[in-house]
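Number of protein chains: 2
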Amino acid sequence: MPALDILATDPASQARAGILNTAHGTVRTPAFVPLATKGVVKALEPRDVVELGYDMVLGNTFHLFLDPGHERVRHFGGLHKFMRWDGPIITDSGGFQVFSMGHGTVADEIKGRASQGSDRAGAILSIDESGVRFRSYIDGSEKFLAPETSMEIQAALGSDLALVFDECTPFHVTRDYTARSTERTHRWLARCLDWHAENGPQDQLVYGIVQGGVYEDLRRESTEAVATSAVDGVAIGGSLGETKAQMHEVSAWSTDTLDRVAPGKPRHLLGIGEIDDLIRGVEIGIDHFDCAMPTRIARHGMALVPDPEKRWRFDLTNARWKDADEPIMEDCPCPCCSAGFSRGYLRYLLKAKELTGMRLVTLHNLAFVQRLMTDLREAILAGTLPQTAAALRSGAAPGLSRTVA
Amino acid sequence: MPALDILATDPASQARAGILNTAHGTVRTPAFVPLATKGVVKALEPRDVVELGYDMVLGNTFHLFLDPGHERVRHFGGLHKFMRWDGPIITDSGGFQVFSMGHGTVADEIKGRASQGSDRAGAILSIDESGVRFRSYIDGSEKFLAPETSMEIQAALGSDLALVFDECTPFHVTRDYTARSTERTHRWLARCLDWHAENGPQDQLVYGIVQGGVYEDLRRESTEAVATSAVDGVAIGGSLGETKAQMHEVSAWSTDTLDRVAPGKPRHLLGIGEIDDLIRGVEIGIDHFDCAMPTRIARHGMALVPDPEKRWRFDLTNARWKDADEPIMEDCPCPCCSAGFSRGYLRYLLKAKELTGMRLVTLHNLAFVQRLMTDLREAILAGTLPQTAAALRSGAAPGLSRTVA
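Chains as they are written, first to last, in the numbering used here: chain A, 1 to 405; chain B, 1 to 405.
Heads up, some of the hints might be wrong.
As the list claims (entries may be wrong) - Below are the BS3-like pairs computed for lysine-lysine, each with C-alpha atoms no more than 27 Å apart in a straight line:
#: 1; chain 1: A; residue 1: K322; chain 2: B; residue 2: K81
#: 2; chain 1: B; residue 1: K353; chain 2: A; residue 2: K42
#: 3; chain 1: B; residue 1: K353; chain 2: A; residue 2: K38
#: 4; chain 1: A; residue 1: K38; chain 2: B; residue 2: K42
#: 5; chain 1: A; residue 1: K38; chain 2: B; residue 2: K322
#: 6; chain 1: B; residue 1: K322; chain 2: A; residue 2: K42
#: 7; chain 1: A; residue 1: K42; chain 2: B; residue 2: K42
#: 8; chain 1: A; residue 1: K244; chain 2: A; residue 2: K310
#: 9; chain 1: A; residue 1: K353; chain 2: B; residue 2: K42
#: 10; chain 1: B; residue 1: K351; chain 2: A; residue 2: K81
#: 11; chain 1: A; residue 1: K322; chain 2: B; residue 2: K42
#: 12; chain 1: A; residue 1: K38; chain 2: B; residue 2: K351
#: 13; chain 1: A; residue 1: K351; chain 2: B; residue 2: K351
#: 14; chain 1: B; residue 1: K322; chain 2: A; residue 2: K143
#: 15; chain 1: B; residue 1: K38; chain 2: B; residue 2: K351
#: 16; chain 1: A; residue 1: K143; chain 2: A; residue 2: K38
#: 17; chain 1: B; residue 1: K353; chain 2: A; residue 2: K81
#: 18; chain 1: B; residue 1: K81; chain 2: B; residue 2: K42
#: 19; chain 1: B; residue 1: K38; chain 2: A; residue 2: K322
#: 20; chain 1: A; residue 1: K38; chain 2: A; residue 2: K81
#: 21; chain 1: A; residue 1: K351; chain 2: A; residue 2: K322
#: 22; chain 1: B; residue 1: K310; chain 2: B; residue 2: K351
#: 23; chain 1: B; residue 1: K322; chain 2: A; residue 2: K81
#: 24; chain 1: B; residue 1: K310; chain 2: A; residue 2: K42
#: 25; chain 1: A; residue 1: K353; chain 2: B; residue 2: K353
#: 26; chain 1: B; residue 1: K38; chain 2: A; residue 2: K42
#: 27; chain 1: A; residue 1: K353; chain 2: A; residue 2: K322
#: 28; chain 1: A; residue 1: K353; chain 2: B; residue 2: K143
#: 29; chain 1: B; residue 1: K38; chain 2: A; residue 2: K353
Simulated from the structure, these hints should not be mistaken for laboratory data.
Working from the sequences, and respecting the hints, build out all of it.
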């Protein structure tokens with residue numbers, strides 16, 4: 001059975017809608033995958049995530065390796081049983097996180113922002129061909145991550161979809177460094193696949209990770225090398241450039257190559273999930289996305305709304321909402337807005353650091369993104385993606401405006 | 001219509017089961033009332049509180065006065081609309097909180113523990129017959145609370161059941177101080193009732209507060225003075241002694257007096273809610289209780305279990321639970337245990353400061369207390385309270401053992 005059943009494609013773009021088949025059930029694609037980095041979608045229970053309509057969550061190898069440790073998770077019967085999530089789970093490989101200790105934050109680096117130094121107590125001790133030695137940010141102990149150890153951890157976690165261990169190439173490096181780093185990522189891919197073929201769970205899908213920085217030839221070569229290996233799917237990682245336009249272009253080099261060399265393999269875009277990026281990502285043929293954005297900004301009081309001029313968000317903690325009676329979004333069916341919580345009340349809760357405030361905005365934001373993805377998927381199936389994408393881009397409320405399509 | 005319809009009494013004790021009638025619906029008594037001190041039951045949504053089976057919550061005049069301010073709550077249509085709770089709400093008067101700034105923590109004082117100094121930035125500026133002048137712990141501004149202002153704030157909040165403003169007499173004071181303080185509380189009661197008769201919402205019930213320290217004659221006099229005034233119900237407040245035995249005895253002086261002078265008026269026991277205190281409180285004829293215990297200890301990782309030897313609780317953050325597969329409580333129907341979350345996972349979440357961990361233990365603890373209260377109420381109605389109380393005291397799991405009755 002192929003990992004991905006493609007049910008429909010959009011004639012005007014590279015978009016596809018399908019079903020991803022995993023050991024713990026199916027995922028309707030294109031899909032957004034909420035983060036359960038540390039084995040929990042922050043502020044929510046699994047039943048909330050199910051009720052929001054999500055099929056899959058993403059756990060993180062690096063964080064779960066350090067705490068509570070993969071052996072402990074194995075003792076509990078794997079990550080599904082540990083966190084009580086019965087559906088599909090992706091695990092990120094830990095490459096991004098471990099290299100972020102060496103480059104300030106990789107998030108800054110790969111998005112081309114100036115490095116602000118590490119925000120972690122941990123630190124890289126050495127990087128070489130064998131792997132990465134570093135200090136745990138939890139207890140300062142020395143740890144080692146390598147292709148084989150990452151796969152071993154992901155086997156213990158028992159995720160449905162494992163990502164190979166890559167060297168996450170930063171932005172502010174030379175073309176030569178990028179080329180050599182990408183080659184190492186390819187050698188590490190082979191080691192990951194070897195380890196998995198020998199020892200990995202047979203029903204665990206493995207995705208390779210494309211690197212290559214912002215260089216078209218390197219990106220296309222990397223995509224082809226990864227896609228034509230024994231991987232079940234392809235994840236696009238690393239630095240995608242300084243601007244959204246560049247990020248969309250760099251990502252499209254990969255999906256364009258994939259359309260040619262491995263059209264049936266599923267594609268994941270790593271760490272990207274702003275509203276306009278999701279719309280564009282679907283158009284260039286991405287099948288699933290993960291991003292901290294909807295949940296992280298919620299805890300800081302930022303709520304998603306259909307307002308393209310303001311990056312689809314506004315700050316609930318602003319004093320202007322003190323007396324605001326209206327919900328985050330009129331007619332929104334999410335658990336927060338439909339219960340009638342006002343912006344004024346949410347502002348009050350957030351300023352008072354009440355957990356319920358963070359939870360309510362998290363529910364709203366994830367509901368918003370899920371409705372967006374559902375709109376895009378249904379439009380692909382109905383053959384009306386261009387109209388739906390245009391409407392969403394111009395500020396149509398997702399999930400409220402399907403008659404637009 | 002009387003505030004309380006008594007449906008059954010226990011022949012072997014002073015216990016009664018009934019229905020409290022309020023402007024926003026009925027409360028099945030005896031009842032535990034979860035705290036929504038700042039207009040939110042911490043970590044929960046109103047729908048959670050409904051699903052747990054609670055009829056009423058308690059908001060706090062002092063905290064809501066300082067933030068977001070009663071005028072702002074009034075702007076939103078009152079506390080029910082502000083916090084999206086459609087059921088009955090009690091508001092505490094603020095007396096306890098404002099006096100706690102002057103006596104270290106009143107919680108320490110009234111329970112006879114040594115004062116540890118104030119844990120608030122706020123401070124009392126003056127106390128006299130007119131009221132209390134103090135500094136806000138929110139912004140340092142000068143504020144004034146008095147009988148009339150407390151009732152005015154509670155009118156703006158629109159609670160179903162207002163408590164009069166009292167001087168909360170601390171423990172470490174002389175009998176003479178206690179007597180004079182109690183007399184002031186009675187004069188303030190009259191002022192509260194006058195203000196409410198003139199200006200208060202007609203459908204808002206008003207409860208007086210009994211003081212009198214640990215002196216039987218003062219307690220009985222205070223109870224009679226409060227109960228024979230125009231109040232709809234009676235709350236027992238202030239210092240109840242150093243030990244549980246003393247607390248039960250002091251409370252019983254009041255309910256014994258009430259049985260004689262005002263048997264039909266509902267009784268609230270302020271700030272008391274440990275498991276054995278709830279059982280004993282029901283037996284001496286208390287109709288409803290509030291206490292921070294179940295929700296506060298949950299956020300610190302303490303879970304309620306049927307273990308009388310250990311105050312019905314254990315510390316989930318203890319290292320011994322690292323690998324523990326079992327739920328907080330076997331066969332517990334609460335949203336946490338029934339979903340299969342293990343002690344090991346909960347420990348991990350709590351140690352990692354994950355909001356979901358605090359939420360799950362809050363759900364468990366409040367479910368535990370609600371089942372306890374339901375068991376006690378059903379036993380009174382069935383005429384089997386002695387057996388049920390004995391079983392619960394000896395460690396029967398509430399809600400799982402109703403066949404005991």
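query: Which hint numbers does the structure go against, in order from smallest to largest?
result: 24
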